[in-house]
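*Asks:* All chains, full assembly: derive it from the sequences and hints.
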Amino acid sequence: MNIIEVNNLVKEFGDTVAVRGVSFSVKPGEIFAFLGPNGAGKSTTIKMLTTLLRPTSGEMLLGGHNPLTESDAVRHSFGIVFQDPSLDDELTAYENLELHGVLYDVPKYIRRDRIHELLQFVDLHDRRDDFVKTFSGGMKRRLEIARGLLHHPKILFLDEPTLGLDPQTRNHMWSYLKDLNAKEGITIFFTTHYMEEADRIAQRIAVIDHGKIVASGTPAELKSQTNASNLEEAFLELTGKNIRNEEAGSIDNMRMARRMWGGGKRR
Amino acid sequence: MKTIYILWLRQIKRYVRSKSRIIGSLGQPVLYLISLGYGFGPIFEKAGQGDYIQFLAPGIIGMSIIFTAIFSGIEIIWDRQFGFLKETLVAPVSRFNIMLGRTFGGATVATIQGIIVFLIALLFGFSPFAWSLVPVAFLVMFLTALLFTALGTAIASLLEDMQGFQLIMNFLIMPLFFLSGALFPLQGLPSALTTVARFDPLSYGIDALRHLLINFSYFGLATDFAVLGIVAFAFIWIGSYFFSRIQA
Ligand SMILES: Nc1ncnc2c1ncn2[C@@H]1O[C@H](COP(=O)(O)OP(=O)(O)OP(=O)(O)O)[C@@H](O)[C@H]1O
Ligand SMILES: [Mg+2]
Chain E
1 MNIIEVNNLV KEFGDTVAVR GVSFSVKPGE IFAFLGPNGA GKSTTIKMLT TLLRPTSGEM
61 LLGGHNPLTE SDAVRHSFGI VFQDPSLDDE LTAYENLELH GVLYDVPKYI RRDRIHELLQ
121 FVDLHDRRDD FVKTFSGGMK RRLEIARGLL HHPKILFLDE PTLGLDPQTR NHMWSYLKDL
181 NAKEGITIFF TTHYMEEADR IAQRIAVIDH GKIVASGTPA ELKSQTNASN LEEAFLELTG
241 KNIRNEEAGS IDNMRMARRM WGGGKRR
Chain P
1 MKTIYILWLR QIKRYVRSKS RIIGSLGQPV LYLISLGYGF GPIFEKAGQG DYIQFLAPGI
61 IGMSIIFTAI FSGIEIIWDR QFGFLKETLV APVSRFNIML GRTFGGATVA TIQGIIVFLI
121 ALLFGFSPFA WSLVPVAFLV MFLTALLFTA LGTAIASLLE DMQGFQLIMN FLIMPLFFLS
181 GALFPLQGLP SALTTVARFD PLSYGIDALR HLLINFSYFG LATDFAVLGI VAFAFIWIGS
241 YFFSRIQA
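Here the protein sequences line up with chains E and P, keeping their order. Those letters in the first sequence? Residues 1 to 267, by the working numbering. Those letters in the second sequence? Residues 1 to 248, by the working numbering.
Calculated directly from the structure, the hints in this document are not laboratory data. Any given hint could turn out to be false.
As the list claims (entries may be wrong) - Some chain P residues well away from chain E (every beta-carbon gap over 10 Å; in silico):
id : residue
1  : L119
2  : S132
3  : L172
Said to hold, decoys possible - Calculated cross-link-like contacts (lysine-lysine; reagent style DSSO-like; alpha-carbon spacing at most 30 Å):
id : chain 1 : residue 1 : chain 2 : residue 2
4  : E       : K212      : E       : K183
5  : E       : K223      : E       : K27
6  : E       : K154      : E       : K212
7  : P       : K2        : P       : K86
8  : P       : K2        : E       : K108
9  : E       : K133      : P       : K19
10 : E       : K212      : E       : K27
11 : P       : K46       : P       : K19
12 : E       : K183      : E       : K154
13 : E       : K27       : E       : K154
14 : P       : K86       : E       : K183
15 : P       : K19       : P       : K86
16 : E       : K223      : E       : K178
17 : P       : K13       : E       : K108
18 : P       : K86       : E       : K27
19 : E       : K212      : E       : K241
20 : E       : K223      : E       : K241
21 : E       : K27       : E       : K133
22 : P       : K19       : E       : K154
23 : E       : K108      : E       : K178
24 : E       : K178      : P       : K86
25 : E       : K108      : E       : K154
26 : E       : K108      : P       : K86
27 : E       : K133      : P       : K2
28 : E       : K212      : P       : K86
29 : E       : K212      : E       : K223
30 : E       : K133      : P       : K86
31 : P       : K2        : E       : K154
32 : P       : K13       : P       : K86
33 : E       : K108      : E       : K183
34 : E       : K212      : E       : K178
35 : E       : K133      : P       : K13
36 : E       : K108      : E       : K133
37 : P       : K13       : P       : K2
38 : E       : K183      : E       : K27
Every residue, glycine too, gets a C-beta built ideally from N, C-alpha and C.
*Replies:* In structure tokens:
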């Protein structure tokens, strides 16, 4: 049975159709990449899967549960690192993790150990009692990743987890995630704009453009389909070379600012 | 239970850590106590109504509670804008408990604020007629705070950003405060005004405070408690419904 099953999913925001009839599935234990240009509908799809948005139409199942009607069971089954900031700036790094651990009912003794372990892992242990508002963009990102790993979910959604991170941290993070995937069989569903990252990490890829899946398969399959020598070429072949110049909303503007400042000016 | 506690604690921490906010929010009540208390004191006394500071203090306590409480509820909009809201919305805990934790936290903060104003009022010469009833007055403060935090939560759950904020300030908080009898006795008013005051939950909170602190009441304590209790319950119910419908 597939752990994620999406069938003909549609999401409209007024006149904009963000997701237009998307179907795909992910097998348990798989590392799955969801690629697409800006505004393709990746985050919107993830938000629907993770109970944050109600779809306009279509079906989806997470671990056999429907996010719409069995939101509780679904929320128990996944962890997520959001594309946009989601920390409480007025709390310390430690407090943010502690709060997460309590919300996810991680037993106290495991929680304490794991928080220290993860803080060390993301190199924030000596900053643990500092307020998050004093952190740089990359530090915040690292903390969000640590938080996403605090409870060990069946499915981990990572929406551009490596945005604004230096290569050291990126490698470090992916090796940890691959390890977790191998040891605990955690399914990983991620998006990224770094094609070499997707090529290296993902076992399977779906490419979405303008709200529609335009191709899917293993990295090797996508490359041979398009006669490309690397995934970036394949991606450009599939999605065209035009820059997406849709009307940018406030979220898009904020993200643009973040990209331009290399993640350093995140609020 | 743990969910409620940890989110309650979060609100308290945020409050305690924002010293400038605490001090800033005390400026207004002090200003009212000075300008109105001393300014209208002589007229109030000439009209045979007694000491105006005595009368005014419970009203100003009510004012600081309604402001702090509704703002605490509305903080959800900030959490939405800064992104933290998503973190709680995907957590595997019921949204009702999330809402309760936040609301109790906000209500606790507003109560503390009310108690601080009470202490300040003492400096201005206010004195409760029976100290044994003061703890009950604190309970009334909490109930009032709960009611308005839940109202703030309900409103914030329906708003996308802070743009509606001025609207809320001018067409909700201000009228609720000014028409509640916080500043004047409800006795002998034009009947239109008393009717309006009857539909304002803050009237009952302030009335109960007056009953307990200066032994002066318009509705009677039983009515006050009944109305506050029922409306608080209703607002929590409505607030948690809207909160459970939030999308992010
Ligand atoms: N809340 C919203 N209201 C209106 N339109 C929205 C909303 N959220 C997303 N959209 C629109 O839906 C489309 C898809 O957005 P989405 O965030 O899913 O893109 P994405 O693939 O994640 O892009 P990126 O790579 O930039 O993160 C865009 O056109 C976006 O402007
Ligand atoms: Mg996105």
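*Asks:* Hint by hint, say whether it matches the structure.
*Replies:* Here's how the hints hold up against the structure:
1. No beta-carbon of chain E is positioned within 10 Å of the beta-carbon of L119 (chain P); the least distance is around 26 Å.
2. Remark: the non-interface label on S132 (chain P) is consistent with the geometry, its nearest Cβ contact in chain E lying 38 Å away (cut-off 10 Å).
3. At the 10 Å boundary, the C-beta of L172 (chain P) stays outside the reach of chain E, the nearest C-beta of that chain being 25 Å off.
4. A hinted pair counts as satisfied when its Cα atoms are at most 30 Å apart, and K212 (chain E) with K183 (chain E) does not qualify at roughly 33 Å.
5. Our distance criterion of 30 Å between C-alpha atoms is met by K223 (chain E) and K27 (chain E), whose separation comes to about 22 Å.
6. About 26 Å separates the Cα atoms of K154 (chain E) and K212 (chain E), which keeps this hinted pair within 30 Å; it holds.
7. This hinted pair checks out: K2 (chain P) and K86 (chain P) have alpha carbons roughly 19 Å apart, not beyond 30 Å.
8. A distance of roughly 12 Å separates the Cα atoms of K2 (chain P) and K108 (chain E); the hinted pair therefore holds under the 30 Å criterion.
9. This hinted pair checks out: K133 (chain E) and K19 (chain P) have alpha carbons roughly 16 Å apart, not beyond 30 Å.
10. Taken as a hint, the K212 (chain E) and K27 (chain E) pair is honoured in the structure, with Cα atoms around 20 Å apart against an allowance of 30 Å.
11. This hinted pair does not check out: K46 (chain P) and K19 (chain P) have alpha carbons roughly 40 Å apart, beyond 30 Å.
12. For the suggested pair K183 (chain E) and K154 (chain E), the alpha carbons sit about 12 Å apart, so the restraint of at most 30 Å is met.
13. Taking the CA atoms of K27 (chain E) and K154 (chain E), the gap is near 12 Å; set against the 30 Å cutoff, the hint holds.
14. Taken as a hint, the K86 (chain P) and K183 (chain E) pair is honoured in the structure, with Cα atoms around 29 Å apart against an allowance of 30 Å.
15. Restraint check for K19 (chain P) and K86 (chain P): satisfied, since their Cα atoms lie roughly 27 Å apart, inside the 30 Å limit.
16. A hinted pair counts as satisfied when its Cα atoms are at most 30 Å apart, and K223 (chain E) with K178 (chain E) qualifies at roughly 23 Å.
17. Pair hint K13 (chain P) plus K108 (chain E) holds up; C-alpha atoms about 21 Å apart against a cutoff of 30 Å.
18. Note on K86 (chain P) and K27 (chain E): the hinted pairing holds, with a Cα-Cα distance of about 26 Å set against a maximum of 30 Å.
19. A C-alpha spacing of about 17 Å is found between K212 (chain E) and K241 (chain E), which places the hinted pair at or below 30 Å, so the restraint holds.
20. Between K223 (chain E) and K241 (chain E), the direct Cα distance comes to roughly 17 Å. Compliance with the 30 Å bound is thereby established for this hinted pair.
21. Only pairs whose Cα atoms come within 30 Å are accepted, and K27 (chain E) paired with K133 (chain E) is rejected, the gap being roughly 38 Å.
22. As the CA atoms of K19 (chain P) and K154 (chain E) are separated by approximately 42 Å, the hinted pair breaks the 30 Å bound.
23. At roughly 26 Å between alpha-carbon atoms, K108 (chain E) and K178 (chain E) fall within 30 Å of each other, so this suggested pair holds.
24. Restraint check for K178 (chain E) and K86 (chain P): the C-alpha separation of about 26 Å stays at or below 30 Å, so the hint holds.
25. Proximity of K108 (chain E) to K154 (chain E) is assessed by CA-CA distance (about 20 Å); at most 30 Å being required, the pair is judged to hold.
26. Restraint check: the Cα-Cα separation between K108 (chain E) and K86 (chain P) comes to about 23 Å, which is no more than 30 Å; the hinted pair holds.
27. For the hint linking K133 (chain E) to K2 (chain P), the alpha-carbon distance of about 26 Å falls within 30 Å, and the restraint holds.
28. Using a Cα cut-off of 30 Å, the hinted pair K212 (chain E) and K86 (chain P) holds, with the two alpha carbons roughly 26 Å apart.
29. Distance hint between K212 (chain E) and K223 (chain E) is fulfilled; the C-alpha atoms sit about 19 Å from each other, no more than 30 Å.
30. Simply put, K133 (chain E) and K86 (chain P) have alpha-carbon atoms about 18 Å apart, close enough for the 30 Å limit, and the pair holds.
31. Proposed proximity of K2 (chain P) and K154 (chain E) is supported: the alpha carbons are some 23 Å apart, at most 30 Å.
32. Restraint check: the Cα-Cα separation between K13 (chain P) and K86 (chain P) comes to about 20 Å, which is no more than 30 Å; the hinted pair holds.
33. Among the hinted pairs, K108 (chain E) with K183 (chain E) is consistent with the structure: their alpha-carbon atoms are about 23 Å apart, no more than 30 Å.
34. As the CA atoms of K212 (chain E) and K178 (chain E) are separated by approximately 28 Å, the hinted pair is consistent with the 30 Å bound.
35. About 15 Å separates the Cα atoms of K133 (chain E) and K13 (chain P), which keeps this hinted pair within 30 Å; it holds.
36. At most 30 Å may separate the alpha-carbon atoms for a hinted pair to count; K108 (chain E) and K133 (chain E) meet this at roughly 26 Å.
37. Distance check on the hinted pair: K13 (chain P) and K2 (chain P) sit about 16 Å apart at the alpha-carbon level, within 30 Å; holds.
38. Using a Cα cut-off of 30 Å, the hinted pair K183 (chain E) and K27 (chain E) holds, with the two alpha carbons roughly 16 Å apart.
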